[in-house]
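Visitor: These two chains come separately, so use the hints to put the complex back together.
Given next are the chains, with one letter for each unit.
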Amino acid sequence: MADDSQLATSLRRGTLEFCVLAMVETEDRYGNELVRRLGEEPSLAAGEGTIYPLLSRLRRSGWLESKWVESPSGPPRRYYGLTPGGRSALDHFRTEWVQFRQTVDRLVGTGEAA
Amino acid sequence: MKTQPNDVVAEYLREVDQRLAGIPVLQRRELLNDLAAHIAAEQAERNLASEGEIIEVLERLGSPEVVAAAAHEEAGTRFTPPPARSRNKTWLIAAIIAGAVVLVLFLCAFLAFTGRDSSVEGPAQPAVTADAPSPTT
Chain F
0 MADDSQLATS
10 LRRGTLEFCV
20 LAMVETEDRY
30 GNELVRRLGE
40 EPSLAAGEGT
50 IYPLLSRLRR
60 SGWLESKWVE
70 SPSGPPRRYY
80 GLTPGGRSAL
90 DHFRTEWVQF
100 RQTVDRLVGT
110 GEAA
Chain V
0 MKTQPNDVVA
10 EYLREVDQRL
20 AGIPVLQRRE
30 LLNDLAAHIA
40 AEQAERNLAS
50 EGEIIEVLER
60 LGSPEVVAAA
70 AHEEAGTRFT
80 PPPARSRNKT
90 WLIAAIIAGA
100 VVLVLFLCAF
110 LAFTGRDSSV
120 EGPAQPAVTA
130 DAPSPTT
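Heads up: the sequence lines are chains F and V, in that order. Be aware that the first sequence starts at 0, since it is given in numbering that gives the first Met the number 0, and climbs by one per residue. Be aware that the second sequence starts at 0, since it is given in numbering that gives the first Met the number 0, and climbs by one per residue.
With the rest of the complex left out, here is chain V (with noise of 0.2 Å):
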């Protein structure tokens, strides 16, 4: 019973702290101890016991992610997703180019196949620009 509400506090430290990655160590680090020192003051001068009076505390705290974007603002800095999110947004853009790539052969064959065609149907070419002067007329 008397674990859980730490739980929570750890949790939202934990997840205040992922999003703080790019603030210089030691602003992070601080700023985690005055959180853990609010949460703390609350829970002794106000006598919260359970896991509800916790939550909110950690409420009216704000998000995590309201916080560490104040902090970011503050700093200086801007917020960089963690690695495992940007791995998947490489993947994403090198399947992207590689689509575009493969699009970009196809319609160069293609073009080399039609542009061979044209040079062959010679004659074709004189009927299309006899045609061209009828509309002004």
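The shape of chain F in the complex, shown without the other chains (with noise of 0.2 Å):
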């Protein structure tokens, strides 16, 4: 069990912070929002609360900007969006992890062809 759970933590590793960054690709999301939609998908999910300091350095390495925004029902709402450098870093892990994807199946013959 315990070799599951560092299996999904290394995968998770280096994949989850462009999983974000694509989920504010076309709109602006606030935090709950965002860590929401991750909590629904189980191979994502740590807990909840790990996303924020995984949004705080998206932020200080300029992929992500923010704002407070006043919310209709309740306190002030912190939204996320895409900076230009956030796209283009975006953009370039597409490329990446389409031809990693493409040799990691080769290798490991879980590729539609094996």
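Please keep in mind that the hints were generated in silico from the structure rather than gathered at the bench. Certain hints may be false.
[As the list claims (entries may be wrong)] With beta-carbon atoms standing in for the labels, derived distance ranges:
| no. | chain 1 | residue 1 | chain 2 | residue 2 | range |
| --- | --- | --- | --- | --- | --- |
| 1 | V | 54 | F | 87 | 54 to 60 Å |
| 2 | F | 72 | V | 72 | 51 to 57 Å |
| 3 | V | 92 | F | 86 | 49 to 55 Å |
| 4 | V | 78 | F | 40 | 36 to 42 Å |
| 5 | F | 71 | V | 28 | 44 to 50 Å |
| 6 | F | 67 | V | 48 | 53 to 59 Å |
| 7 | V | 92 | F | 97 | 32 to 38 Å |
| 8 | V | 52 | F | 22 | 23 to 29 Å |
| 9 | V | 48 | F | 10 | 36 to 42 Å |
| 10 | V | 96 | F | 80 | 22 to 28 Å |
| 11 | F | 24 | V | 24 | 29 to 35 Å |
| 12 | F | 109 | V | 72 | 42 to 48 Å |
Glycine residues also receive a C-beta, built at the ideal position from the N, C-alpha and C atoms.
Guide: Rendered as structure tokens:
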């Protein structure tokens, strides 16, 4: 069991941030929304609270920008959006990921042809 | 009744904060604000009132250990245990060192005694060397 979660953690590392970037690609979303969406994916679900340190790093590295917006139904919400830097990082990831996935599929035997 | 859920939230945030030592202060404050805003938004948008419902929100956030570990990983820092605990550790280390020193002193004293004894019993040594070749024959 410990090995299973270790594997999930390793796979998540380096990919989860691009899932987050893709989620705000077309429209800005606030923290709870992002966390809720990610929480629906079992393979990506660590504790929901672990998403906030990730959002902080993506903002500090200039890939995300955030702004606080008043909410009609509660406290102010912190909305996240993609910066131009974040957009090119996401584009770059998409290219890399397709190649990476094909290589792994070929070597591990998980591809369609296998 | 209404203060109870907030007590749980304050307790949770305090538990997280205690594990954030070593993380730059602004990032630390940002995370606590984000967590507090998350909880408040869940509370308001889903109309949560009971302590049980709030605890469920906190459980989905993850234990303070898990959240703080993620914060340290993203910040590139390590969790340093609170001072009270590290002081216990230094006492333990000091006790082990003191124990080792006493042991070494005893050993030295013991060796000094046996060393003096063997020099007194000089004739005993040739007998040992004379015995030594016998296994080869």
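Visitor: Hint by hint, note whether the structure agrees.
Guide: These are the hints, each one checked on the structure:
Distance hint check for residue 54(V) and residue 87(F): the Cβ-Cβ separation is about 42 Å, which falls outside the suggested range of 54 to 60 Å. With their beta carbons about 33 Å apart, residue 72(F) and residue 72(V) fall outside the hinted range of 51 to 57 Å. Roughly 52 Å separates the CB atoms of residue 92(V) and residue 86(F), a value that falls within the hinted 49 to 55 Å. A hinted range of 36 to 42 Å is violated for the C-beta pair residue 78(V) and residue 40(F), which are about 27 Å apart.
At roughly 27 Å, the beta carbons of residue 71(F) and residue 28(V) sit outside the given window of 44 to 50 Å. At about 25 Å, the CB distance of residue 67(F) to residue 48(V) disagrees with the hint of 53 to 59 Å. Checked against the given bound of 32 to 38 Å, the beta carbons of residue 92(V) and residue 97(F), roughly 53 Å apart, lie outside it. Take residue 52(V) and residue 22(F): their Cβ atoms lie about 26 Å apart, and the range 23 to 29 Å holds.
Checked against the given bound of 36 to 42 Å, the beta carbons of residue 48(V) and residue 10(F), roughly 38 Å apart, stay inside it. Here the CB-CB span from residue 96(V) to residue 80(F) is close to 56 Å, at odds with the stated 22 to 28 Å. Judged by the Cβ atoms, the range 29 to 35 Å given for residue 24(F) and residue 24(V) holds: they are separated by roughly 32 Å. Separation of residue 109(F) from residue 72(V) is about 28 Å and departs from the stated range, judged on CB atoms against 42 to 48 Å.
Checked against the numbered hints listed earlier, the structure breaks hints 1, 2, 4, 5, 6, 7, 10 and 12; every other hint is satisfied.
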